[in-house]
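Participant: FYI, in the working numbering the residues of the sequence shown are 224 to 802.
In short, the hints are calculated from the structure, not lab data. All of these numbers come straight from a predicted model, not from anything done at the bench. Treat each hint with caution, since some may be false.
[As the list claims (entries may be wrong)] Pairs of lysine-lysine, DSS-like flavour, derived with a Cα cap of 30 Å:
no., residue 1, residue 2
1, 747, 651
2, 651, 737
3, 651, 571
4, 237, 309
5, 237, 474
6, 270, 651
7, 571, 747
8, 237, 541
9, 453, 309
10, 571, 270
11, 474, 457
12, 474, 541
13, 455, 309
14, 453, 270
15, 737, 571
16, 455, 237
17, 737, 747
18, 571, 427
[Stated by the list, open to error] Cβ pair distances, simulated, as ranges:
no., residue 1, residue 2, range
19, 643, 475, 51 to 57 Å
20, 730, 501, 16 to 22 Å
21, 576, 730, 36 to 42 Å
22, 501, 712, 41 to 47 Å
23, 606, 399, 20 to 26 Å
24, 763, 609, 19 to 25 Å
Glycine included, each C-beta is placed from N, C-alpha and C at the ideal position.
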Amino acid sequence: MDTETQLVEENPRKGGLRTMPFIIVNESFERVASYGLQANLIIYLMKYYNMTAAAGTSILGIWTALSNGLAIVGAIISDSYCGRFKAVVIGSISTLIGMIILWLTAMIPQLRSLPCPQFQHVCNGTTAFQLAVLFSSFGFMSVGAGFIRPCSIIFGVDQLEKKGKPENKRLVDSYFNWYYASIGVSTILAVTTVVYIQERYGWKVGLGIPVILMFLSVSMFLIGSPWYIKVKAKESLLIGLFQAVVAAFRKRNTRLPLTDCDDYYRWPLESEVLTPSNDFRCLNRACMIEDPERDLNPDGSASNPWNLSSLEQVESLKAIVRVLPMWSTGFMIYVTMNQFSFSVLQAKTMDRHVIPQFELPAASFSVFLIIALTIWITFYDRVLVPLLSKYTGRPRGLSPVTRMGIGLLVSCMSMALSAITESIRQQKAIEEGHEDDPHALVNMSAMWLVPQYLLLGVAEAAHAVGQIEFFYSLFPKSMSSIASAMYTIGTAVASLVGSILVSGVDWLTSTGGKTSWLSSNINKGHLDYYFWLLAFLSLLNFFYFVMVCRLYETGKDGSSRLSHVAEDKECDYRLLHES
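I would like the entire structure built from these sequences, with the hints used as guidance.
Facilitator: Here it is, written out as structure tokens:
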């Protein structure tokens, strides 16, 4: 972002605060539309596509993984080829097309299978064409999310961060606050208002509302086009990292020098990095100059970046390799976060009345997670940090690693509580004679589900913020965007792992004609066993986290660093402390 100063045109009338409403409204409406669909979609898949609870949850997990994974692709394409403005436009239109297709499945009966009668054991199958239409809608929305989400927020920064105006930093900080506040409000509206409309007025209206919102999102963004600053595409940092990997592999048989540092390629030439670090020395081959006449252009740049990478690119790649062990400890917490589909099925069988005249939709209980997350972040930042910093001497109270550990433990507690609650709910259902009726209402308040959502909200707040701060403490400033990218990739991997876990548990527990733990009839299955499994895996993951912590040392200011760090006399490419 620091080097993106090549604008289409330097016009003082472009950019600035006047563009913020268009950008924030675009992102807000996209979030309301997308999250409003995802929260309740398991019910739609089970009812109109006759999917089992396990199959529907697996498909939604793959969809989430694809959406998050494509965010990296979208970031690379926008940075290197089309620019952020075109990326947001492409993503918004793609999302709108996907939502229209999904809405058409509710409007046109031929695009979905007939609902399965309540007590019918053999249901009408869904045709390949119907599934193709459904999956195409998911595909378009995934591509849209992949382009919008990594580009929208930085596109807003482009409008405010003008060269030669340092006072705009305050505007950028204010923009971030408003941006994330709008996301929070949008998510709450999505899981409450949109979900309520789906349950109250049916799927034709419920899936039509997101289409309208997304149409308004696209329109608002395009209306603001004449006032936008549009930064030209340039080489992506991620592409540079890929080039370093390829170059190191191509030179895998090249002998590394022991002391001579003159044969390493640096670009730009005034780079502060003097020599490469000694850890992961095999990667140093990527920046070794074997034949100056062949490897370098007359201006000193690399003739083939896929065969010769700069020392900065190699050290950036090493910084990522250093955090991979800690990054992998976060997968499990997001696996537990992706189990909302089963919680929706639980809430459908319980008394959801908040007051006698109002019943909370089953998919809206995730709002308690968002509330807990928001309250915890605010409470920690405003209350706990000033108190803890006095005792720990750390500017952020607890170190990022400590907060990550707290998040992992709390998520384990949440899964254990979920298992206990489900065991009680199922026992009541059996006692009331509802074992064969998955739609029967159990005489138990759905408010029993609230504590597990609250714990998950605290867990995500503690872990996610701690993890991103941990990445920032180990990455140089030029790689600050990689920290959020790794968080996004982590959620994608976790969604995929969660999908595989659901399918595996469903298959293993249903062998021999037995009822699956994850049966669509949760009164006959053992959803509590599955939650206990998640609690056990979360506990194992915490022990793995403790082992990984041994690879890192804690500095006096609370920032974490690898135990192996290049000495100052070798290079100035130091691991950053948390600010």
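Participant: With reference to the structure, classify each hint as holding or not holding.
Facilitator: Each hint tested on the structure:
Only pairs whose Cα atoms come within 30 Å are accepted, and residue 747 paired with residue 651 is accepted, the gap being roughly 12 Å. Distance check on the hinted pair: residue 651 and residue 737 sit about 22 Å apart at the alpha-carbon level, within 30 Å; holds. This hinted pair checks out: residue 651 and residue 571 have alpha carbons roughly 15 Å apart, not beyond 30 Å. As the CA atoms of residue 237 and residue 309 are separated by approximately 17 Å, the hinted pair is consistent with the 30 Å bound.
Only pairs whose Cα atoms come within 30 Å are accepted, and residue 237 paired with residue 474 is rejected, the gap being roughly 47 Å. Distance hint between residue 270 and residue 651 is fulfilled; the C-alpha atoms sit about 25 Å from each other, no more than 30 Å. Straight-line distance between C-alpha atoms of residue 571 and residue 747 comes to about 15 Å, which keeps the hinted pair within the 30 Å bound. Between residue 237 and residue 541, the direct Cα distance comes to roughly 39 Å. Violation of the 30 Å bound is thereby established for this hinted pair.
With a CA separation close to 9 Å, the supplied pair residue 453 and residue 309 stays within the 30 Å bound. With a C-alpha separation of about 13 Å, the suggested pairing of residue 571 with residue 270 holds against the 30 Å cut-off. The straight-line distance between the Cα atoms of residue 474 and residue 457 is roughly 27 Å, inside the 30 Å bound, and the hint therefore holds. With a C-alpha separation of about 17 Å, the suggested pair residue 474 and residue 541 falls inside the 30 Å cut-off, and the hint holds.
With a CA separation close to 10 Å, the supplied pair residue 455 and residue 309 stays within the 30 Å bound. A threshold of 30 Å between alpha carbons decides the hint, and for residue 453 with residue 270 the separation of about 45 Å lies outside it, so the pair is violated. In summary, the hint linking residue 737 to residue 571 is supported, as the alpha carbons are separated by about 24 Å, within the 30 Å threshold. With a C-alpha separation of about 15 Å, the suggested pair residue 455 and residue 237 falls inside the 30 Å cut-off, and the hint holds.
At roughly 10 Å between alpha-carbon atoms, residue 737 and residue 747 fall within 30 Å of each other, so this suggested pair holds. Note on residue 571 and residue 427: the hinted pairing holds, with a Cα-Cα distance of about 20 Å set against a maximum of 30 Å. Between residue 643 and residue 475, the C-beta spacing of about 53 Å keeps the proposed range 51 to 57 Å intact. For residue 730 and residue 501, the hinted distance range of 16 to 22 Å is not satisfied, since their beta carbons lie about 47 Å from each other.
Between residue 576 and residue 730 the CB atoms are about 37 Å apart, so this pair conforms to the stated range of 36 to 42 Å. For residue 501 and residue 712, the Cβ-Cβ distance of about 27 Å falls outside the hinted range of 41 to 47 Å, so the restraint is violated. For the pair residue 606 and residue 399, the beta carbons lie near 22 Å from each other, so the given range of 20 to 26 Å is met. The hinted range of 19 to 25 Å is not satisfied by residue 763 and residue 609, whose Cβ atoms lie roughly 36 Å apart.
Checked against the numbered hints given earlier, this structure breaks hints 5, 8, 14, 20, 22 and 24; the rest are met.
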